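6 protein chains.
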Amino acid sequence: MKPRLRLGLPKGSLQDATVELFAKAGYEITVSSRSYFPAIDDDEIECMLLRPQESARYVEHGLLDVAITGFDWILKRDVVEVAELVYSKQLKRPVRWVVAVPDDSPIRAVADLAGKRIATEAVELTEQFLAEHGITAEVEFSWGATEVKPPYLADAIVEVTETGSSLHANNLRIVHEILQSTTRLIANRAAYADPWKRAKIDGIALLLKAALAAHGKVGMMLNVHEDNLARVEAILPSLKSPTISKLQAPGWYAVNTILDEGLVRRLIPQLKASGAEDIVEFPLNKIVE
Amino acid sequence: MKPRLRLGLPKGSLQDATVELFAKAGYEITVSSRSYFPAIDDDEIECMLLRPQESARYVEHGLLDVAITGFDWILKRDVVEVAELVYSKQLKRPVRWVVAVPDDSPIRAVADLAGKRIATEAVELTEQFLAEHGITAEVEFSWGATEVKPPYLADAIVEVTETGSSLHANNLRIVHEILQSTTRLIANRAAYADPWKRAKIDGIALLLKAALAAHGKVGMMLNVHEDNLARVEAILPSLKSPTISKLQAPGWYAVNTILDEGLVRRLIPQLKASGAEDIVEFPLNKIVE
Amino acid sequence: MKPRLRLGLPKGSLQDATVELFAKAGYEITVSSRSYFPAIDDDEIECMLLRPQESARYVEHGLLDVAITGFDWILKRDVVEVAELVYSKQLKRPVRWVVAVPDDSPIRAVADLAGKRIATEAVELTEQFLAEHGITAEVEFSWGATEVKPPYLADAIVEVTETGSSLHANNLRIVHEILQSTTRLIANRAAYADPWKRAKIDGIALLLKAALAAHGKVGMMLNVHEDNLARVEAILPSLKSPTISKLQAPGWYAVNTILDEGLVRRLIPQLKASGAEDIVEFPLNKIVE
Amino acid sequence: MKPRLRLGLPKGSLQDATVELFAKAGYEITVSSRSYFPAIDDDEIECMLLRPQESARYVEHGLLDVAITGFDWILKRDVVEVAELVYSKQLKRPVRWVVAVPDDSPIRAVADLAGKRIATEAVELTEQFLAEHGITAEVEFSWGATEVKPPYLADAIVEVTETGSSLHANNLRIVHEILQSTTRLIANRAAYADPWKRAKIDGIALLLKAALAAHGKVGMMLNVHEDNLARVEAILPSLKSPTISKLQAPGWYAVNTILDEGLVRRLIPQLKASGAEDIVEFPLNKIVE
Amino acid sequence: MKPRLRLGLPKGSLQDATVELFAKAGYEITVSSRSYFPAIDDDEIECMLLRPQESARYVEHGLLDVAITGFDWILKRDVVEVAELVYSKQLKRPVRWVVAVPDDSPIRAVADLAGKRIATEAVELTEQFLAEHGITAEVEFSWGATEVKPPYLADAIVEVTETGSSLHANNLRIVHEILQSTTRLIANRAAYADPWKRAKIDGIALLLKAALAAHGKVGMMLNVHEDNLARVEAILPSLKSPTISKLQAPGWYAVNTILDEGLVRRLIPQLKASGAEDIVEFPLNKIVE
Amino acid sequence: MKPRLRLGLPKGSLQDATVELFAKAGYEITVSSRSYFPAIDDDEIECMLLRPQESARYVEHGLLDVAITGFDWILKRDVVEVAELVYSKQLKRPVRWVVAVPDDSPIRAVADLAGKRIATEAVELTEQFLAEHGITAEVEFSWGATEVKPPYLADAIVEVTETGSSLHANNLRIVHEILQSTTRLIANRAAYADPWKRAKIDGIALLLKAALAAHGKVGMMLNVHEDNLARVEAILPSLKSPTISKLQAPGWYAVNTILDEGLVRRLIPQLKASGAEDIVEFPLNKIVE
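Protein chains in written order, with our numbering: chain A, 1 to 289; chain B, 1 to 289; chain C, 1 to 289; chain D, 1 to 289; chain E, 1 to 289; chain F, 1 to 289.
For the record, the hints were derived by calculation from the structure and aren't laboratory data.
Computed from a prediction, not measured in an experiment: that's the story for all the values here.
Glycine is no exception: its CB is placed at the ideal position from the N, C-alpha and C atoms.
Keep in mind that the hints are not guaranteed to be accurate.
Here are the simulated SDA-like pairs of lysine to any residue, each with C-alpha atoms no more than 25 Å apart in a straight line [stated by the list, open to error]: (1) E:K246 to A:S245; (2) F:K246 to A:E226; (3) F:K246 to E:L63; (4) B:K246 to C:W252; (5) B:K217 to C:A205; (6) F:K272 to E:A249; (7) A:K24 to A:L185; (8) C:K272 to D:L267; (9) B:K217 to D:K209; (10) E:K116 to E:G62; (11) B:K246 to C:G251; (12) E:K272 to F:L267; (13) C:K24 to D:V31; (14) F:K217 to E:D278; (15) E:K2 to A:S245; (16) A:K217 to A:R265; (17) E:K272 to F:L63; (18) B:K76 to B:E124; (19) A:K24 to F:L267; (20) A:K76 to A:S165; (21) E:K217 to F:V31; (22) D:K2 to C:Q270; (23) A:K272 to E:P237.
Where chain E lies over chain D, by a calculated footprint (3+ residues, C-beta under 8 Å) [to be verified]: (24) 47-56; (25) 94-108.
Here are the in silico distance ranges between beta carbons for each label pair [said to hold, decoys possible]: (26) E:A213 to F:V123: 30 to 40 Å; (27) C:D202 to B:H133: 28 to 38 Å; (28) D:A111 to E:R34: 46 to 56 Å; (29) A:E162 to E:S13: 22 to 32 Å; (30) C:R4 to B:H133: 32 to 42 Å; (31) B:H133 to A:G203: 42 to 52 Å; (32) E:R34 to B:A190: 20 to 30 Å.
Build the full structure now, drawing on both the sequences and the hints.
In structure tokens, the structure reads:
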């Protein structure tokens, strides 16, 4: 029987983004609404959806070979961090775990948490944080809706936030940022020591990173006469030299390059002014640099 | 400032049934989709929605005066059980916490759990159960979808079930029933010692129980001539004598009684055969016996 | 093992109304979105959801004992019609099977159908209808969306309609009404000959009819002084004499009666003008007359 | 051809509550999702859904005979107010039109509005209000989402609110309440002068009011021995004397009364303590007093 | 503090298409379901969603710097039309404002509108149109569902339509087309005079136009031997000469060109017949010509 | 009047995939939720949505010129199979028609079906299959939910399945596979003999196939120095030689090729190891080989 890699995918807010990322990386994952075991078009992989809060534990114990989860959930786990994958659902910013209190709370600094009641979904993270600051407080596991617990059911909360808007909507103020967390591809130590599994895992990591590298990047093609070539080259970012080839039309060159989509907004007017013609932007799937 | 009673209502599967029960009891609770603080048409009560898993803790600590939660979540809490309220969402059966394993698992009895990995949302309940049976096993908190964990991520689970259909759908077999649980109205000890709060809490309990008593019960009115009155009375359940009054029409009586809706199915044909006329069944809101 | 009655319930447009009717009749049927076998709170009955088009066939063949279906689907089936149940989903009107053609079609009468192409979901019904009229035409089974087939894919259709609005929206004109159909409770001949099953089936029929009888009916209570009693009695419908009883207050009577909800609209002003006081209307569940 | 009454029903937030109110009053209105012309089970009435903002205009001009709309939209219309119907969607409170400004706005009183830009859906109402206060300001029609316009697009708004929660969520502060508005049944002057139409309209009004009167009211039946009758009578509200009748059982009386559902919460414990037995609460459809 | 551009985006039917167009142009706009202030990944821009009917007014008054709205809503506004953006939601056809009447109305021409009642959401546009034709009629603002108003509440309507299907479904006939309208990028005069804002606005316009230019266009690559090059070139549209480069394989050329997607349907068979090989079509994001 | 091609598109599970495929092929089809006649941006084509079960019949009879349907529905139809289009909704596997029975059924082989009751939506297919095997059984048309019919209403079913998961969920076991079916473009014989229609149909077929060919394929561009060119060429699949062109930078070449997306997963690491630089993968719309 051939070996298979057991892969944990995050159930919940990261699920759709993860499936989409694998799609860009070349893996078609089909999630059925009634099953926690998505199909994947690679016979050597078995997928399972599970909450990111618990996949690190299962990777550590070897029940999964590899999983996608958040940095926040692997703090105290003995696993291999194979790759960092920055693709959180909205603005590609890392999520942040923060201490938050009601707008009118007397708590102003971490020290003020002493003796208080803190609700959080991340009990281990919170206790480690308090220990590092030498503070004693009551940390209670919150089963959800943590933001509505202050002031009646908690004095403070430790909660994850991207933009802070949910905290704001619940009249909460951020007192301290505990850590920033991005998504990680993690592997079990023993699995990563196995040559077949390691090659498989590294291949997945390479393709996921290539897909992420292409996100927000675009290809650009333009034609330019040799008289203007230097000016056009000067405008293009120097980091990466563009691919230039001679056209059939005498004196003309094709320039092909890869750019940040955000940068295109600024460069196009300049390129046009410098003699670039037939500027065309096209989408990319993957970039391997 | 007038005193207020702080009431915890169950977020989740029991939420709609609870709001409906309070409506039958005479309290209009308005849940807004964006808020965890429903409005109630009683100025002396403040409501909050929260997971039944955690409301008992908050009642024990005095952060809530009273709450609706399940018996399964108050096992080790020092709270007052004011009333048992049997109204779980489907068939009015109590929910059951069971040990379940894959259909083809070698685990056949509780003793076989020794040394196994058990996933559950109810860690305390499971550990207490294992201790009572003198068994040592690894109990892991499950963040959800517990039924899909065996066999890869767990050897057994401890899970709540009403009809067993979800377990069956996941090819799991029940090994043992740990406890049956119904819904309870619980109160904080100190709050229940306060006369104003106690009267308020007892009033709520009385009305909830009156509303539950009316559930599945109906009123029945019929007319009967004095010649047939004894036969009709003999058919009606003897527990509770019906209310009988003389009609204006000479020799006729009106009979008014309360019956189990299920019983009506059997009695109507008999009543008709015994001379009852104008049989009418009507709905009831509350019954105080 | 105790006997059980196998009951077919209509999947589709009548489903919710049927479950509601059984609820009024005193049976709680719980439909799960993933199952065709609803639960019912009567251990002697097994339910199954299936399309009304095919339940009559299964009752005829004895695979089901009893079913709820439309008169239109039992035309040529050898089954027992136990009861007619008029509760089609909207305005309590029977549904009608009609021949319809495009507004601008030359087909004006049944005779014009000769040689035409007719699309319908009810092939047997249509063929029987054509045979009765001595007409030869091509009848094709339509898998759905029959109304959009004319004029390209059919010259005429035979389709079910309640209000005619869907036909109108598709620019179709009714040429002929083939039959009106209401809902029926049907039973297998052999099952209905079995005493236990027959009693069970008749009991269901009695309760369903009692629930339907109460639909659109309300109870009314009022108080009236003896001086006005005759006037009030004269206003109330003569079909059914009201229940009258003496009140404790000297000279006053309580009048209790059952009325068509639609009639109440006309009677209340007259009753008030005739001296009726404290007029109260209340809902009814069942009426057995 | 028989005469028909043309009735305008409110499209939007009041729609479902209106259909439900008519149902309680005895009229079955069937709204199809694709049509603005609901069916009603009264051949003498034609219904049309339209925005409450414009129905008063159509009633005034005689294009509709009668309509349900808000007091706020009939201020300057020459129509007959047939009845006030208090049933706004949530807590049966009237809606309020208020002037609101950002929490940190320097506008503190009506006088501060002079020269400001005010956005509102109710331009006429706002201009009349400003004129009454002798204030000149720029009033702009807002096509929706008025609450998000301050501070960028408006200095203040005139907006309708029930609980104020939407204003609060947008960081707005109420400066002044312009008027409270409840729902009204209005009629065209000429239609109301026509005897047939007037009788029809008054009948609708009577039934709607009877249905509203029953809302929040319940019926209560109890049995009591003559020794306790006076005590029980003393507890029941004195406004309306209950209906008392002698039972067949010697010395026993049946008491039947109508109560505010809210009052029941307080009375039941007292009634029980005073010797009332078999207390049953039942729902009511209509009350005509 | 750095300057920011205040941008109005159209709430409603154009919203999703607008967000998608900005995405193609390189701006990521994130709309939250609870907010009218979408996030955009450009710190120099602030977005706000508002109805296209009112954004022109706010741009004229300088409360917004720039907005996307329809030509129909800027007729009488003193704003700068920066660009026309043809991307209405369905078939890229401009929307049309038309006069429509019931199918069986005697109104046949604009002149027949004299003295009639016209319902419309575009009161200004309608009044201007009537004035230009020297016609006096009663124009009434319609709050929505304008198509259902004739014949009871209006004799005619002035309404926007793309395909006419909604008019047809309501049995309305088009009498006259008043104007065709496409989407525009408009700017406030003062803002457009400010150099920083003007550069910013022109940049947005350039990128939106480049994205629109790429819509419906595709890139095509093919290889061709020098013997067939002329024939292939003859087939490709002459407007724009393709980019031709020599391949490594002797005698072979790569041809790269941009085509209307619709044209591809006709060209591919011809190209193949003329010796083109390895024809590949690929998507484009932006075209700057 | 110009000729038009009448095209039948599959209503139901293949609908979205078909619209998407036409979009890739360059045809924009706009489906309105209320209409069975989608718009298409080609004036020479008229579309109609209809169930794949019946479109073959309409093509055979000439009521449609061309349609997309399944091979399973054209078995006995006299139509032209223009093209096979493999794009079934999930994993691009063909669907299979199978005989299935309950897990615990005694039926083990086709021969065991003799005398049994078989439910199926595909009566013709089933009867032909039984005839080929010389078996007599009762075949009943099933109006839907065929999987839940065994064991009560049928002994076996003939049903379509892709992955078998729905059969498994209903405790059914596959006894025999009758046929595999893929999607086909079929044409009416007379229409296909008409030169204008044939050219139109062949053009559609060519473009649909080109779009399908591009599915799962991607373009890849990379740069490589002449020292490494041979090694890179050796890695790329030999079937199709890549397009190689000289870059402006001395000694460097651009390599452009088309690959299976699935293959990319394996090639990228090898290409990188062989000296390929700036590897970029980009999406393709169509491939014409």
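Can the suggested window of 22 to 32 Å be confirmed for the beta-carbon pair A:E162 and E:S13? holds (30 Å)
Just to make sure I understand the rule, a stretch counts as covered if three or more of its residues have a C-beta closer than 8 Å to a C-beta of the chain. Does the region 47-56 of chain D meet that for chain E? Per the Cβ count (6), the hint holds.
Compare the distance between the alpha carbons of E:K246 and A:S245 with 25 Å, and conclude whether the hinted pair is satisfied. Between E:K246 and A:S245 the Cα gap is close to 9 Å, so the pair holds against 25 Å.
Could you grab the alpha-carbon distance between F:K272 and E:A249 and see if it respects the 25 Å cut-off? holds (24 Å)
Given the hinted pair F:K246 and A:E226, is their alpha-carbon gap at most 25 Å? holds (16 Å)
Take a look at whether the Cβ-Cβ distance between C:R4 and B:H133 falls inside 32 to 42 Å. holds (38 Å)
With the threshold set at 25 Å, check whether the alpha-carbon distance from A:K217 to A:R265 stays at or below it. Holds, at about 12 Å.
Against the 25 Å threshold, does the CA-CA distance of A:K24 and A:L185 hold or violate the hint? holds (16 Å)
Below or equal to 25 Å on CA atoms is what counts here, so check E:K2 against A:S245. The given pair, whose Cα atoms are some 42 Å apart, is violated under the 25 Å limit.
Sort out whether E:L63 lies within 25 Å of F:K246, counting only the CA atoms. violated (55 Å)
Outcome for the supplied range 46 to 56 Å, where the beta carbon pair is D:A111 and E:R34: 34 Å Cβ-Cβ, so the 46 to 56 Å window is violated.
C:K24 and D:V31 were given as a pair; does the straight-line alpha-carbon distance stay at or below 25 Å? holds (24 Å)
Hints 3, 8, 9, 10, 12, 15, 17, 20, 25, 26, 27, 28 and 32 from the list above are not met by this structure, while the remaining hints are.
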